[in-house]
Amino acid sequence: MQMGVETDGDGRAEPGHLHGVPWFAACTEEQLREVARLAERLHVQAGEVILREGRLGRELFVILSGTATVTRDGRVVNVRGSGDYFGELAAIEAAPRSATVTATTDLDVLIIGPREFEAMMEIPGFRNALMKGMSRRIREADDKLAAYADREEAWAPYPPGGSETV
Amino acid sequence: MDGIVTTLGRQATVDRLHEVEQLRDCSRAQLDEVARLAERVQVGEGEVLAREGRIGREFFLILSGTVGVTQAGRRVNTLGPGDFFGELAALNPGPRNATVTALSEVDVLIIGPREFAAMAGVPGFRDALFKSMAARLRTVDARLAAALDDQRSTAPGGEPDPSPGG
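Line by line, the protein sequences give chains A and B.
Taken in order, the first sequence gives residues 1186 to 1351; the numbers are from our numbering.
Taken in order, the second sequence gives residues 4 to 169; the numbers are from our numbering.
Wrong hints could be hidden among the right ones.
Straight-line C-alpha distance at most 25 angstroms; calculated SDA-like pairs for lysine to any residue [unchecked claim]: (1) K134/B x R1240/A; (2) K1329/A x L151/B; (3) K1329/A x K134/B; (4) K1317/A x Q33/B; (5) K134/B x G1201/A; (6) K1329/A x T142/B; (7) K134/B x G1268/A; (8) K134/B x S1250/A; (9) K134/B x E1278/A; (10) K1329/A x R78/B; (11) K1317/A x R129/B; (12) K134/B x L1223/A; (13) K1317/A x A120/B; (14) K1317/A x E1233/A; (15) K1317/A x Q1216/A; (16) K134/B x A1326/A; (17) K1329/A x R60/B; (18) K134/B x A1231/A; (19) K1317/A x R54/B; (20) K134/B x R1322/A; (21) K134/B x E1307/A; (22) K1329/A x A149/B; (23) K1329/A x E50/B; (24) K1317/A x E1303/A; (25) K1317/A x G85/B; (26) K134/B x D1269/A; (27) K134/B x A1314/A; (28) K1317/A x R57/B.
Distance ranges between label pairs, derived from CB positions [stated by the list, open to error]: (29) G115/B x P1281/A: 30 to 38 angstroms; (30) R1197/A x P126/B: 24 to 32 angstroms; (31) V51/B x R1321/A: 22 to 30 angstroms; (32) A149/B x P1299/A: 25 to 33 angstroms; (33) T69/B x E1325/A: 22 to 30 angstroms; (34) E1199/A x A145/B: 35 to 43 angstroms; (35) R1197/A x R117/B: 30 to 38 angstroms; (36) V1262/A x G97/B: 17 to 25 angstroms.
Treat the hints as calculated values from the structure; they're not laboratory data.
All of these numbers come straight from a predicted model, not from anything done at the bench.
Backbone N, C-alpha and C define an ideal beta-carbon position, used for all residues, glycine too.
Required output: the full structure, derived from the provided sequences and hints.
In structure tokens:
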């Protein structure tokens, strides 16, 4: 990682940290123990850049406490707080980060590496929550795009071979 | 007799699935699982598989033929063998936000929402699905950013860019 992070204690995640994270609500206790085993817990100071648009990186982050700001091209596009996650797109496929995420306050985060992410994808509760979250985000973005429906360029053809929003 | 016919049908479907590029990482056993969860249907040219605004929870995987995807009457995409659609509705109930029409005779697998959750656990398919959703999310995010840029450049007095994060 390219940021100055301090580990809090030994940096190990405990299942107790995961209660209250909606993403893991569908996981059984045993699955939570598995998630905790695969994740690392980090403390990030306010102002630190956790990931930077255009850079490579495969980690997935889950915010346990604090807030972070998501920017694209310098524009704030989202604010993420406790229980939210980010970095999942790069965890799914190696590609440059699509946004910059900066800690707005001191943050307590779970960090999940690509290999651990693969293992977590075997956990149905985690996988289904991730799928639903992505699906919801695609729908929301599509709804917003529909507001620009009179703008021709907003409806350029989707890349071939991809999924469709129906 | 019915059982034998079904078995033969499934075997033929597995053979067909074996040729699908997006499923090349699936083992024979995994493809058999996909075929077991799905219903295989042939539709004629001009038939509508999903209609914008209507509720529908099925997921579709095209085995042969092509379909046209329209939103608000505009053609936004064309999909062919190996392409799939309907995963958003299978994951989150809601109205279809595009219409999908067969442009030729189409051989398609139809998978209900419950079966879809099981199918998403088949590793070879799971990866294709998540990569496709990640790509879709990147596309809509980028398109949304472009639409906002466009709005900003054409609307006088738009707020200035916030300073870049970090």
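Point to revise | Restraint status (C-alpha distance of K134/B to G1201/A at most 25 angstroms) | key: Status violated; Cα separation ~31 angstroms.
Review point. Are the Cα positions of K1317/A and G85/B separated by 25 angstroms at most?
Key: Given pair K1317/A, G85/B holds - Cα atoms ~22 angstroms apart, limit 25 angstroms.
Point to revise | Pairwise beta carbon distance, T69/B to E1325/A, judged against the given window 22 to 30 angstroms | key: Between T69/B and E1325/A, where Cβ atoms are some 29 angstroms apart, the hint holds.
**Study point:** Hint check for P1299/A and A149/B - Cβ pair distance inside 25 to 33 angstroms
**Key:** 29 angstroms Cβ-Cβ, so the 25 to 33 angstroms window holds.
Practice item. Decide if the proposed pair is consistent with the structure: K1329/A and R78/B, CA atoms, cutoff 25 angstroms inclusive. Key: The hint holds at about 19 angstroms.
Practice item. Sort out whether D1269/A lies within 25 angstroms of K134/B, counting only the CA atoms. Key: The given pair, whose Cα atoms are some 21 angstroms apart, holds under the 25 angstroms limit.
Check your understanding: Between K1317/A and A120/B, does the CA-CA distance stay at or below 25 angstroms?
Key -> holds (10 angstroms)
Check your understanding: Does the Cβ distance between R1197/A and P126/B fall inside 24 to 32 angstroms?
Key -> holds (28 angstroms)
Point to revise | Distance restraint between K1317/A and E1233/A, which requires alpha-carbon spacing of 25 angstroms or less | key: violated (29 angstroms)
Point to revise | K1317/A paired with R54/B [C-alpha distance capped at 25 angstroms] | key: holds (21 angstroms)
Review point. Does K1329/A pair with K134/B here, judged by a C-alpha cut-off of 25 angstroms?
Key: Since the Cα atoms of K1329/A and K134/B sit roughly 22 angstroms apart, the hinted pair holds (cutoff 25 angstroms).
Check your understanding: Regarding the pair K134/B and A1231/A, is the alpha-carbon distance no greater than 25 angstroms?
Key -> violated (32 angstroms)
In this structure, the earlier hints numbered 5, 8, 14, 18, 23 are contradicted, and the remaining ones agree with it.
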